[in-house]
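K.L.:
Sequence:
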Amino acid sequence: MTHKEIESHCDVLIVGAGPAGLMAARMLAEFVRQQPELKVRIIDKRSTKIYNGQADGLQCRTIESLQNLGLAGKILAEANDMCTIALYNPDENGVIHRTGRIPDTLPGISRYRQVVLHQGRIERHFLDSIDEVSGGRIQVERPLIPETLEIDESKVEDPDAYPVTVRLRYMSEEESTPVQFGHKTENGLFRSNLQTVEEEDAAYRLPPGAEAGMYETVHCKYVIGCDGGHSWVRRTLGFQMVGEQTDYIWGVLDAVPASNFPDIRSRCAIHSTDSGSIMIIPREKGLVRFYVQLQERAEQGQRVNRTKFTPEVVIANAQKIFAPYSFDVSQLDWFTAYHIGQRVTDRFSKDERVFIAGDACHTHSPKAGQGMNTSMMDTYNLGWKLGLVLTGRAKRNLLKTYESERQPFAQALIDFDHRFSRLFSGKPAKDLADEMGVSMDVFKDAFVKGNKFASGTAINYDESVIVAKEGKASTVRSKKELAKYIEVGTRFPSEQVVRHSEGLPLPLGDLLVTNGAFRILCFAGNAADPTQMARLDRFAAYLDSPESVISRYTPASRKRDFAIDVITIHSNSREEIEMHDFPAPALYPKYNYDKIYADCESWHCGHGKAYEKYGIDSERGCLIVVRPDGYTALLAEIEDTKSLDEYFDTFLLQPTHALGPNTEPDWTIYAQRKKARREEALAQREL
1 MTHKEIESHC
11 DVLIVGAGPA
21 GLMAARMLAE
31 FVRQQPELKV
41 RIIDKRSTKI
51 YNGQADGLQC
61 RTIESLQNLG
71 LAGKILAEAN
81 DMCTIALYNP
91 DENGVIHRTG
101 RIPDTLPGIS
111 RYRQVVLHQG
121 RIERHFLDSI
131 DEVSGGRIQV
141 ERPLIPETLE
151 IDESKVEDPD
161 AYPVTVRLRY
171 MSEEESTPVQ
181 FGHKTENGLF
191 RSNLQTVEEE
201 DAAYRLPPGA
211 EAGMYETVHC
221 KYVIGCDGGH
231 SWVRRTLGFQ
241 MVGEQTDYIW
251 GVLDAVPASN
261 FPDIRSRCAI
271 HSTDSGSIMI
281 IPREKGLVRF
291 YVQLQERAEQ
301 GQRVNRTKFT
311 PEVVIANAQK
321 IFAPYSFDVS
331 QLDWFTAYHI
341 GQRVTDRFSK
351 DERVFIAGDA
361 CHTHSPKAGQ
371 GMNTSMMDTY
381 NLGWKLGLVL
391 TGRAKRNLLK
401 TYESERQPFA
411 QALIDFDHRF
421 SRLFSGKPAK
431 DLADEMGVSM
441 DVFKDAFVKG
451 NKFASGTAIN
461 YDESVIVAKE
471 GKASTVRSKK
481 ELAKYIEVGT
491 RFPSEQVVRH
501 SEGLPLPLGD
511 LLVTNGAFRI
521 LCFAGNAADP
531 TQMARLDRFA
541 AYLDSPESVI
551 SRYTPASRKR
561 DFAIDVITIH
571 SNSREEIEMH
581 DFPAPALYPK
591 YNYDKIYADC
601 ESWHCGHGKA
611 YEKYGIDSER
621 GCLIVVRPDG
631 YTALLAEIED
641 TKSLDEYFDT
651 FLLQPTHALG
661 PNTEPDWTIY
671 AQRKKARREE
681 ALAQREL
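Letter 406 of the sequence shown, counting from 1, is numbered 406 in UniProt numbering, and no numbers are missing.
Keep in mind that the hints were calculated from the coordinates and are not lab data.
Some clues are possibly wrong.
Unchecked claim - Below 25 Å or equal to it, Euclidean Cα-Cα: the simulated DSS-like pairs (lysine-lysine) are:
no.: 1; residue 1: Lys452; residue 2: Lys609
no.: 2; residue 1: Lys479; residue 2: Lys609
no.: 3; residue 1: Lys479; residue 2: Lys613
no.: 4; residue 1: Lys452; residue 2: Lys480
no.: 5; residue 1: Lys155; residue 2: Lys395
no.: 6; residue 1: Lys39; residue 2: Lys484
no.: 7; residue 1: Lys613; residue 2: Lys39
no.: 8; residue 1: Lys642; residue 2: Lys484
no.: 9; residue 1: Lys39; residue 2: Lys4
no.: 10; residue 1: Lys484; residue 2: Lys609
no.: 11; residue 1: Lys479; residue 2: Lys155
Start from the sequences, fold in the hints, and give me the full structure.
P.N.:
Take a look at the structure:
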């Protein structure tokens with residue numbers, strides 16, 4: 001039988017509709033909204049939403065990013081908040097007892113705490129957001145499978161070329177449905193009973209006009225492989241996963257427990273003397289996740305036969321570890337078994353045309369809560385870079401920073417998980433002389449120290465065209481002393497500021513909306529001082545000039561805050577200075593009350609003390625450039641516009657028709673009076 005063959009073109013083809021693929025689609029949806037002619041496709045080989053491993057933990061940095069995408073509110077409304085970790089260890093008689101409690105999230109590292117929510121619900125919110133933001137232009141296409149991928153090396157540097165050719169096959173219902181591995185209870189390949197089955201996801205339905213067995217040749221500008229630990233894209237590129245597996249086997253249950261264990265609704269780390277370990281993760285709707293170490297060990301180099309590990313086997317092992325407490329389950333929702341291993345690729349892209357992300361380039365144990373988080377943050381990092389290049393706003397050198405930033409972090413994650421999983425799986429030391437056992441003090445210390453790393457807030461990207469480190473051998477250098485507690489290359493931490501117009505206290509991080517724009521945060525210092533205001537006047541004159549980065553890099557059809565948004569935060573009270581005292585229109589655009597904030601007392605939330613927490617001089621202030629993904633890129637003096645030029649010139653492209661200088665007049669009714677007052681104050685100071 002001869003099957004139909006079709007041919008098409010697209011800007012980006014995303015392979016795999018798990019967390020990494022959906023984050024990539026959501027990031028690119030923003031650029032599709034801005035430039036509707038962009039063609040972004042996302043395909044998956046499953047005919048329905050299926051969750052392999054069912055990740056559920058969301059770390060602080062991930063939630064911060066979801067907030068800037070407009071997704072956090074809905075997800076947090078459903079999620080279970082994690083507050084406490086209880087540590088249980090055996091006493092001298094081998095009986096487990098609570099040896100301590102620590103906070104689940106290190107206090108002060110973020111305005112959010114770790115939460116858990118079923119992956120299916122998280123993906124549902126992503127799908128709804130992608131549909132809304134893209135205006136329905138991006139939809140998951142199922143079930144399709146790629147069969148060949150070729151790259152025309154002669155065209156990879158041509159921005160208008162489609163150098164990647166992928167041949168897709170449309171699958172039948174039978175071959176797109178996975179096979180259950182031998183049990184009635186839903187396992188790691190299937191939808192959880194907790195997830196409401198949406199009819200449009202559950203049905204086998206090819207795209208309109210398609211038929212099973214049909215082939216499509218797609219000419220792509222870029223491809224992103226988000227197709228999991230057994231990634232077809234990675235194998236086709238010839239990239240190797242490097243690492244090792246332990247011989248530890250763990251079972252996982254999502255269940256409503258029947259137990260007299262006192263901390264059954266807390267996150268727990270339990271070590272028994274000889275029966276193994278358990279981690280408890282309390283979940284939504286009365287469910288609890290149990291990671292249970294099984295007694296059987298894997299043969300070196302051999303794959304685990306998961307059909308041997310029934311729910312009954314996992315429960316029986318859990319009962320031994322929980323003893324003398326009782327343990328059973330009143331409702332079993334889902335289960336699986338897995339073999340601990342840590343692997344990572346040394347390559348995340350080929351010619352900056354085909355990328356891999358998520359489990360396709362790093363795999364590790366789930367107990368540190370990193371799988372879904374790291375996967376989504378891979379494509380959160382890649383998405384805005386790819387969007388800027390596709391829309392002609394950035395050079396292709398920007399894309400090299402995806403691998404240079406995410407691969408070292410993935411390796412650090414693997415190293416962390418290697419240490420953590422072995423501490424968790426090892427037997428407790430019987431005494432100080434037991435060198436083979438795990439010291440519980442060492443385990444607790446690793447848990448606490450790993451907390452910040454696991455939260456995602458400790459990532460520190462190295463110097464590159466988009467990270468201007470202090471003292472490095474680059475053209476642009478940050479001045480660390482201007483913001484002593486801000487680390488260039490890390491995510492910009494959020495502190496409370498007050499919107500000047502009406503005194504509303506807000507997290508500064510909420511202003512960093514993920515829409516592809518860079519931010520210049522102008523910490524204006526003591527703007528009530530005439531000398532300081534004169535510095536701001538000169539900075540504003542630069543911003544309005546034809547030579548400024550805003551005038552040169554903003555397309556003529558866009559608003560002045562489209563590519564580079566300037567937000568001003570002064571250190572005065574709202575009584576010491578008025579909004580119209582700031583130079584308009586550069587810092588105070590006409591009728592725009594979202595551009596000027598104060599670091600001052602608020603009526604209901606006190607003083608945020610942002611300047612103090614950032615280590616910024618409250619008199620002189622400074623400039624902080626923040627990337628579209630919320631990472632700190634540059635620290636500079638207010639008058640150091642040369643550094644701004646040199647920074648953005650290294651990777652941005654000037655549009656064919658740029659916006660040009662700001663010709664809008666100073667619109668405030670107090671303009672002349674304000675100018676005269678400043679000149680008089682400066683003259684008095686000179687006398």
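K.L.:
Against each hint, give a clear statement of whether it holds in the structure.
P.N.:
Structure-based check of all given hints:
1. Lys452 / Lys609: Distance ~23 Å between Lys452 and Lys609 Cα, so the pair holds.
2. Lys479 / Lys609: Distance of about 21 Å is within 25 Å: holds.
3. Lys479 / Lys613: 17 Å, holds
4. Lys452 / Lys480: Holds, at roughly 22 Å.
5. Lys155 / Lys395: 16 Å, holds
6. Lys39 / Lys484: 44 Å, violated
7. Lys613 / Lys39: 43 Å, violated
8. Lys642 / Lys484: 22 Å, holds
9. Lys39 / Lys4: 23 Å, holds
10. Lys484 / Lys609: 14 Å, holds
11. Lys479 / Lys155: Outside the cut-off at roughly 40 Å; violated.
Checked against the numbered hints above, the structure breaks hints 6, 7 and 11 and satisfies the rest.
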